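Asker: Each chain is listed here by its residues.
Protein chains: 2
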Amino acid sequence: MPTTPDQKLWARTRQAVHAEVARTAMSLFLERGFEATTIDDIAAAAGISRRSFFRYFGTKEDIVLGDLAARGELIRKELEARPATEDAWTALLNALRHTPRPGQDDATTLQISKMLYGTPSLRARSLEKHLQWQALLTPEIRRRLGVAPDDEHDLRADAIVACVLTCLDVAGEAWTRSDGSQSLEDLVLTAVAAVRGSAADA
Amino acid sequence: MPTTPDQKLWARTRQAVHAEVARTAMSLFLERGFEATTIDDIAAAAGISRRSFFRYFGTKEDIVLGDLAARGELIRKELEARPATEDAWTALLNALRHTPRPGQDDATTLQISKMLYGTPSLRARSLEKHLQWQALLTPEIRRRLGVAPDDEHDLRADAIVACVLTCLDVAGEAWTRSDGSQSLEDLVLTAVAAVRGSAADA
DNA sequence: GACCGATTGACACTCAGTGCCAGAGAGGCT
DNA sequence: AGCCTCTCTGGCACTGAGTGTCAATCGGTC
Chain A
1221 MPTTPDQKLW
1231 ARTRQAVHAE
1241 VARTAMSLFL
1251 ERGFEATTID
1261 DIAAAAGISR
1271 RSFFRYFGTK
1281 EDIVLGDLAA
1291 RGELIRKELE
1301 ARPATEDAWT
1311 ALLNALRHTP
1321 RPGQDDATTL
1331 QISKMLYGTP
1341 SLRARSLEKH
1351 LQWQALLTPE
1361 IRRRLGVAPD
1371 DEHDLRADAI
1381 VACVLTCLDV
1391 AGEAWTRSDG
1401 SQSLEDLVLT
1411 AVAAVRGSAA
1421 DA
Chain B
1221 MPTTPDQKLW
1231 ARTRQAVHAE
1241 VARTAMSLFL
1251 ERGFEATTID
1261 DIAAAAGISR
1271 RSFFRYFGTK
1281 EDIVLGDLAA
1291 RGELIRKELE
1301 ARPATEDAWT
1311 ALLNALRHTP
1321 RPGQDDATTL
1331 QISKMLYGTP
1341 SLRARSLEKH
1351 LQWQALLTPE
1361 IRRRLGVAPD
1371 DEHDLRADAI
1381 VACVLTCLDV
1391 AGEAWTRSDG
1401 SQSLEDLVLT
1411 AVAAVRGSAA
1421 DA
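Same order as they appear, the protein sequences are chains A and B.
Just so you know, the first sequence maps onto residues 1221 to 1422 in the working numbering.
Just so you know, the second sequence maps onto residues 1221 to 1422 in the working numbering.
Derived by calculation from the structure, the hints in this document are not laboratory data.
There may be inaccurate statements among the hints.
Quick list of the computed label-pair ranges, beta carbon to beta carbon [stated by the list, open to error]:
(1) A:H1238 to B:F1274: 34 to 42 Å
(2) B:F1274 to A:E1306: 46 to 54 Å
(3) B:R1271 to A:G1366: 56 to 64 Å
(4) A:R1397 to B:E1293: 21 to 29 Å
(5) A:G1417 to B:A1304: 16 to 24 Å
(6) A:P1320 to B:G1338: 28 to 36 Å
(7) B:D1399 to A:G1278: 30 to 38 Å
(8) B:D1260 to A:R1234: 34 to 42 Å
(9) B:D1261 to A:S1398: 42 to 50 Å
(10) B:D1325 to A:A1236: 52 to 60 Å
(11) B:D1260 to A:K1297: 42 to 50 Å
(12) A:L1365 to B:S1403: 18 to 26 Å
Covered stretches of chain B (in silico footprint by chain A; criterion: 3 or more residues with CB under 8 Å from a CB of chain A, positions within the stretch not fixed) [to be verified]:
(13) 1342-1353
(14) 1369-1379
(15) 1386-1394
(16) 1404-1412
No more than 27 Å apart at the CA atoms, straight line, and that leaves these computed lysine-lysine pairs for DSS-like [stated by the list, open to error]:
(17) B:K1349 to A:K1334
(18) B:K1334 to A:K1349
(19) B:K1349 to A:K1349
These figures come from a predicted structure and were not determined experimentally.
Note that the Cβ used here is the ideal one computed from N, Cα and C, for glycine as well.
From just these sequences and the hints, can you work out the full model?
Answerer: Right under this line is the structure:
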């Protein structure tokens, strides 16, 4: 196995349990709603103890948003791989576009998005994740701006990264409102264009 | 009394208690930290019951952020009063600038800001408040863009408002990081200029 | 088989937030 | 004054999230 050179058994089972609990929980969420589903419900449905649940997920929100942390890392990698000829905005947008999304069918994605934008605690956590992405992506943008990657004095990179993520968020909300009838990519570009005053070249 | 044409007694006492509890709680927060202060602590220090506390504040975070909701309304009024000659960005920035901030001395403001940016649950709530501001300000910006104020199909106004607030947030964080050594206003303008690609005229 | 390390479930605990209820005051009406 | 009503209040019990602890267990290694 190229990916897993024979990891410890429990590392694999742990991963399997993690995925299984997440799967069970998500179907409960989509069935009765996020807030109406308690952790006891999830633990019971997944066949583990309440206490063990918290060994796999720090919070209930992490079931839905846990992937986002890993995704931020992927975006960072993609961003660093962007050619140096691309300016900050273009590089960010392309990095976001080319980072693979977790593979779900569109109907499920839409359902999850509706849950996400409609549940305050989830929305809050998702915004926090964006802050993490921000911290992850800012150094590379600073580099592209010709600033030292750890220069916290210059807030231009922070502003750019934050606004791109904000545009992504606004576009995501519009996409959800429109029941996914429009292309998310187009919506993001529209948002960015509105902010920058002219059409953004991709 | 021009402002209060003899309100009911309990309306006034209620306001007084609200302010007193908030004052007491804030001093506890600044003394021992937000998370280390329980609601029982606050209730005991303020001389009310735990149950009554929740009749004045929905959550612990509301003590710190409660004003923000009212402030959003003030900003909206200010925004609508901006001359029609100002474009969306200028109007937004001026509205933010001209809305009076709650009067505290700078040292206290900085201390509160540090608490705000350093406490996850407070940060999350503060981002949620920004979402409320967004919903409040977007209709007027749509109007300035020549779109029907309730046209949810056009996300340009949403993007602009969201990004201005994001810039405000980024600037606020930088201001806090720098111990308030730089002017918040300048920081906001720097952030906006970085996003828009050129200096914003105020 | 014996040892080591990670995992597990059970129990107890803290803290935020809510529902319910009975009592106390203020104000209005007769 | 007496009565009625409305609100505020405190107390109690409850749910639900999240954490600390501990003894038991199970996989893997020597």
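Asker: Of the numbered hints stated previously, which ones are contradicted by the structure, given in increasing order?
Answerer: none
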